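*Asks:* Protein sequence lines, in the order shown, are assigned to chains A and B. Counting from 1, one number per residue, gives the positions in the first sequence under my numbering. Counting from 1001, one number per residue, gives the positions in the second sequence under my numbering.
No lab work stands behind these hints: they were computed from the structure. A few of these clues could be false.
To give a feel for the contact side, a few chain A residues facing chain B, derived at Cβ under 8 Å [to be verified]: (1) Gly26; (2) His115; (3) Arg131.
Listed next, the in silico EDC-like pairs over lysine to aspartate or glutamate satisfying Cα-Cα at most 16 Å (straight line) [stated by the list, open to error]: (4) Lys148(A) with Glu1113(B); (5) Lys1148(B) with Glu51(A); (6) Lys1148(B) with Asp1109(B); (7) Lys148(A) with Glu94(A); (8) Lys1148(B) with Glu1113(B); (9) Lys148(A) with Glu198(A).
For clarity, every value in this text was computed on a predicted model and none was experimentally measured. By construction, the Cβ of each residue, glycine as well, lies at the ideal position given by its N, Cα and C atoms.
In case you want the letters, here they are:
There are 2 protein chains.
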Amino acid sequence: MRYELYYWPSIQGRGEFVRLALEDAGADYVDIARGREEDGMGVAALMRLLEPGGAESHPPFAPPFLRAEGRLIGQTANILHFLGPRLGLAPRDEADRCWAHQVQLTIADLVGEAHDTHHPIGSGLYYDEQRPEAARRAADFTGNRLPKYLGWFENVLARNPDSSEWAIGGEPSYVDLSLFQVVAGLRYAFPRAMEGLEPAHPRLVALHQRVARRPRLAAYLASPRRIPFNESGIFRHYPELDA
Amino acid sequence: MRYELYYWPSIQGRGEFVRLALEDAGADYVDIARGREEDGMGVAALMRLLEPGGAESHPPFAPPFLRAEGRLIGQTANILHFLGPRLGLAPRDEADRCWAHQVQLTIADLVGEAHDTHHPIGSGLYYDEQRPEAARRAADFTGNRLPKYLGWFENVLARNPDSSEWAIGGEPSYVDLSLFQVVAGLRYAFPRAMEGLEPAHPRLVALHQRVARRPRLAAYLASPRRIPFNESGIFRHYPELDA
């Protein structure tokens, strides 16, 4: 069973949450848009599946999406909800799976708000076309929204009755990998804000380190497959937005 | 089995997507925050469950959330994913349920963007504190994002191999109810933009009408339980944002 992941080839973005799960599980997968066009891959292969006139009965709205078991599945949290049990990265219990998904959807909300700090007016415009607005939105984000999200994640970790190490149930899940990515991305984009916030969120900080040390994940993070953070992705470092 | 819905009592907002499913199914439910504080309900009952120091092991990040079967479930699309099969408003097939959820998550993205047309800078600020930014964001929304979303929904309807009437599979589902709500909300908030866009999306417009005529839903819409659209909710009518 080879999974086909479709996502932009030059950024971590939302696709990274799926890559982390596939990598941590040692799954057999192809990052299609990073392949060669001569081999039927590349960005062209991704774009073909987004065309309104295509043949797919379940056309995705936007990347990332996953081809698996003859299906085409979109929306990051939905992909992880599908993949989690197959990769051994989801709790066994149905109620816990629902809770894991709820936490993942809240992570998705935070990711959307982090994106909008540099694109508060329009995702199709350049950052330079919305810098004053971005400065205002980023101040609200780091001052109000980010503390609220981090406090909630810390609370999720504190209240897990089954583990003091992992977010959901007694074993690591895709939610832990995603919380690692959130911390990594926020540290890249907002180092000053995070320096101030991290001491109040020790469980989340420890989780980040615990995940980073998982052998397959550590190998991935040190490999060229891990695209560096950059100013085309979701988490961008613009010092003026990290006041 | 009585469901307890927790959502702000004076707006449709995100809670309305859950209300529509409960109402269409004729489910036994209580809209807790609309109840009386003397009876242990009201907004205070909602706020108690959002407090960081509360006793819940699965604390929600924000309303809406649902108490059912001894569980507390948050995130609108997740609530519907849970409720759909129980209310007879989800497809039977697992792959179709995953697809329904994917469409619902894309609806959630649209709802978030519709909200941000009047709150592009901060959800904790007043509209009056972000009017120039709102005008810019709304122009991008109605000019670029809204046509993209509506085109995708139309495409979802056009490609359903099992029905020319409903979005997913051969029977009505919570996705149809949510698409109804999207059209209703957009018509309220952006009547001029929608007037221009609707002719190109006949399936979506017909679906809105088809849903509105379902007997239990029609009774609900005509009842005082349906809170009118207003300028505190997600879909707000500010004529200057509908240029």
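*Asks:* It remains to establish, for every hint, whether it holds in the given structure.
*Replies:* Results for each hint:
Annotation: interface hint on glycine 26(A) violated; nearest CB of chain B at approximately 24 Å, more than 8 Å. With 8 Å as the threshold, the beta carbon of histidine 115(A) stays out of range of chain B, its nearest partner Cβ sitting at about 11 Å, so the hint is violated. This hint is violated: arginine 131(A) has a C-beta 12 Å from the nearest C-beta of chain B, more than the 8 Å allowed. The hinted pair formed by lysine 148(A) and glutamate 1113(B) fails the criterion: a straight-line CA distance of about 20 Å is larger than 16 Å.
A distance of roughly 12 Å separates the Cα atoms of lysine 1148(B) and glutamate 51(A); the hinted pair therefore holds under the 16 Å criterion. In summary, the hint linking lysine 1148(B) to aspartate 1109(B) is supported, as the alpha carbons are separated by about 12 Å, within the 16 Å threshold. Distance restraint check for lysine 148(A) and glutamate 94(A): the Cα-Cα separation of roughly 27 Å exceeds the 16 Å cut-off, and the hinted pair is therefore not satisfied. Distance hint between lysine 1148(B) and glutamate 1113(B) is fulfilled; the C-alpha atoms sit about 12 Å from each other, no more than 16 Å.
Distance check on the hinted pair: lysine 148(A) and glutamate 198(A) sit about 13 Å apart at the alpha-carbon level, within 16 Å; holds.
Violated hints for the displayed structure, listed by number in ascending order: 1, 2, 3, 4, 7.
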